[in-house]
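S.K.: Take a look at the letters that make up each chain.
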Amino acid sequence: MGSVDNKHLNTEVFDEMQTAFGPRVPYEQFYEWFKSENHYQLRKKPKELDKFFRKTGITFNVYGESDGEERLIPFDFIPRIISELRWRKIETGLKQRANAINAFLSDIYGNQEIIRAGWIPEELISQNAAFLPEMIGVNPPGGIYTHISGTDLIRVNDEKFVVLEDNVRTPSGASYMIENRETMLHMFPELFTRIPVKSVSNYPEQLLQILIASAPASATATPVIGVLTPGVLNSAYFEHAFLADQMGAELIEGTDIKIIDKKIMMRTTQGYRAVDVIYRRIDDNFLDPLNFNPNSLIGIPGLFDVYRNGAITLANAPGTGIADDKAVYSFMPEIIKFYTGSTPILENVETWRCSEELSLKYVIDNIEELVIKEVHGSGGYGLLIGPTSSKKERAIFLRKLRANPSNYIAQPTLSLSTVPIMEKKGLAPRHVDLRPFVLMSPTEVKVTPGGLTRVALKKGSLVVNSSQGGGTKDTWVLEGV
Amino acid sequence: MLGKTAAGLYWMCRYLERIEFTTRLLDAAFRIALTNSNDAKSEWGSIILTTGNKASYLELYDEYESTRVINFLLREKSNPSSVLSVIETARNNARIVRTALTRESWEAINECWLELNSSLRRPITENALPQVLSGIRKQNALVRAALDGTMLRNDIYNFLRLGTFIERADSTARILDVKYYVLLPSLSQVGSSIDFVQWESILRSVSALRAYRWLHGNQISSKQIANFLILDERMSRSLTFCLQKINNNLFYLSQTYQREFSCRTLADTMFKRLQHVSIDKILLDGLHEYLITFLSNSEALNKEIETNFGFYG
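Going down the list, the protein sequences come from chains X and R.
So that you can map any letter, position 366 of the first sequence is 365 in numbering that gives the first Met the number 0, and since no number is skipped, the others follow by simple counting.
So that you can map any letter, position 170 of the second sequence is 169 in numbering that gives the first Met the number 0, and since no number is skipped, the others follow by simple counting.
Looking at chain X on its own, in the form it has when it is part of the complex:
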């Protein structure tokens, strides 16, 4: 039996699995399997999954919780399935975007041709807190700034995926992409013998390859790679350890490192050894207390000086935040056009820049229809969702908006697509987004098929962030479908 609840299928929202006439093509084989399964047993799976995750230690720490309690990111076992056809477009779009962003960073910290050419306003960069003046004139090894990006996409209809956000600082989630698949393979091996799902397991190997390929010229033939973590208490520590483990890289903290003869050295059991590439999971600000935030206890004093001299690769480069800034985001179509000469394959979400007078007026007049975001906010904080807000909330937000309009952008309320999750009563549609991971070296750009699907577990909710009750799903790209 397939207890599919079609009643709340909103006609405006695109459900990726179901139509009134049955499952969509990519889901056909899965649905067949699903119907034939014993649903009493299936409903027990979430508990088993919890146990499995706890056992393997796939947990994250929540700041401020008592006793450093560890939590699980809820996982729903109904996969999110994308056809190869749709994926191909996403993939080329992501590659185009990654190339454009890297070129943009190189230009912005170099000659600033795009400003000279008048394609973007000068103050967008010079007045932007995410712009890192220390990076001006610095040449990252191999010319790569964004070795790893995690672009957030949302799907608005059958054909259209649009970019919600570019994450090119220290995007996280790749370990969950891999572990979600591992979990599915463990729980439902028969699915993978029946259905041709593209593998995601070589992500760590590819990550290692692009890091090696981005090593500085001074590195030896087998560059030493380190993953720099803030430490075991960081909320994403599991991921840091996981990726280091899978790559066979060293998992280092600031306290393991010393700068000797202008080189980054790590303390080993056999004395100090050189490190060539640092995949850093520490924000720019905390990276180097001598050059940036002097109060940082987790960074490496003097790291940036070594970087400036070209003796170490940092992945990603410092200063990449300017490229995923929300104000810069609204210029991404121009940026892509300027550096690649073609129109964006993946569109942006329509965005009003409140810094512009006409836009600001539009936003104020239509506040009930729009989502208004702080330019530097992240993780779903600092935003107003017009349609679900109260009059009072809107009044407070309006005051903030009028006081500092350039700190805000606005977007239409989006109809994020839905994918069902397994609830006690059967399948129930929930909103999802998608974060594919793009890897870039001086010679190639690679995209792992699929990515991390985040799902809002509350009915009707659009907030998918794990810090606010979102969960994840395994994401399948089908071979040849």
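Hints listed in this document are in silico derivations from the structure and should not be mistaken for laboratory results.
Fair warning: this is a prediction, and the values are worked out from it, not measured in the lab.
Wrong hints could be hidden among the right ones.
Taking lysine-lysine pairs in the DSS-like style, the calculated list, with each CA pair at most 25 angstroms apart, reads [stated by the list, open to error]: (1) X:Lys257 to R:Lys302; (2) R:Lys137 to X:Lys50; (3) R:Lys137 to X:Lys54; (4) R:Lys302 to X:Lys54.
For this one, chain X is given, so just place chain R on it according to the hints.
M.R.: Just chain R now, kept in the frame of chain X:
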């Protein structure tokens, strides 16, 4: 390998070994409590002394009462050497060295932590103690088995083994010293009358009662027991046995790293001393003095290992 990783591996195993020892001590004390109520109170006190917790225990309680001691050693959060605190630290070390462990080993430690947290969630009654202790030992054994069965025999393994045997030698020396103090305060009494219950408890606390009987039948003498626990190289918790293992692992490390280390010289001296001394000589010079010297050498060795392999910055 990072110095920090070596430190994590070493301490992870020290902590696991410490859990093992605490549970065995509790087990032995519990048996005494069952068989001889006169000795019981002093026995609960003596295991607090053995684990080096006298001061912190007396801060909380005035007397050595069984359930208090049990819960203090198993689950008291303010006691950094309670089993619950120690497994937390051991697992934290495992998380730090996650990249140096096989998936099976990591999961075994993680599960051990999960299980102990669940079995020690509520206060432990005397009735429940045997089952709880055997549960803890079982989890610990699973970790050992995973390490033994899946880890590569390289420098990573050497640091694990070093931690295990440094801690084990330490534990054996401590229990002997505490019992020696309690039972045989002066040399004249050594070798004379013997309290069977007490000596049996020593053997139990190092899981060696059966092994001792295989070797010596029912002839229980304090001299033979001391010999067994200090010098018998067949006994897996004797000082000689532990030192031999420490020595071997340091030898492999110096081979792997193609360097000589001062800690190895120190361990070698300690080992040779054990090989060339007789139990009569140890007793004549004073068992307590001997053990105190051993413990301070062992601490020096620990420090030497920490510096030689760059454990800390």
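S.K.: For each hint, tell me whether it holds in the structure or not.
M.R.: Right, here's what the structure says about each hint:
1. X:Lys257 to R:Lys302: Satisfied, since the Cα-Cα distance of roughly 22 angstroms is no more than 25 angstroms.
2. R:Lys137 to X:Lys50: Between R:Lys137 and X:Lys50 the Cα gap is close to 20 angstroms, so the pair holds against 25 angstroms.
3. R:Lys137 to X:Lys54: holds (17 angstroms)
4. R:Lys302 to X:Lys54: violated (34 angstroms)
In terms of the numbered hints stated before, the structure departs from hint 4 and from no other.
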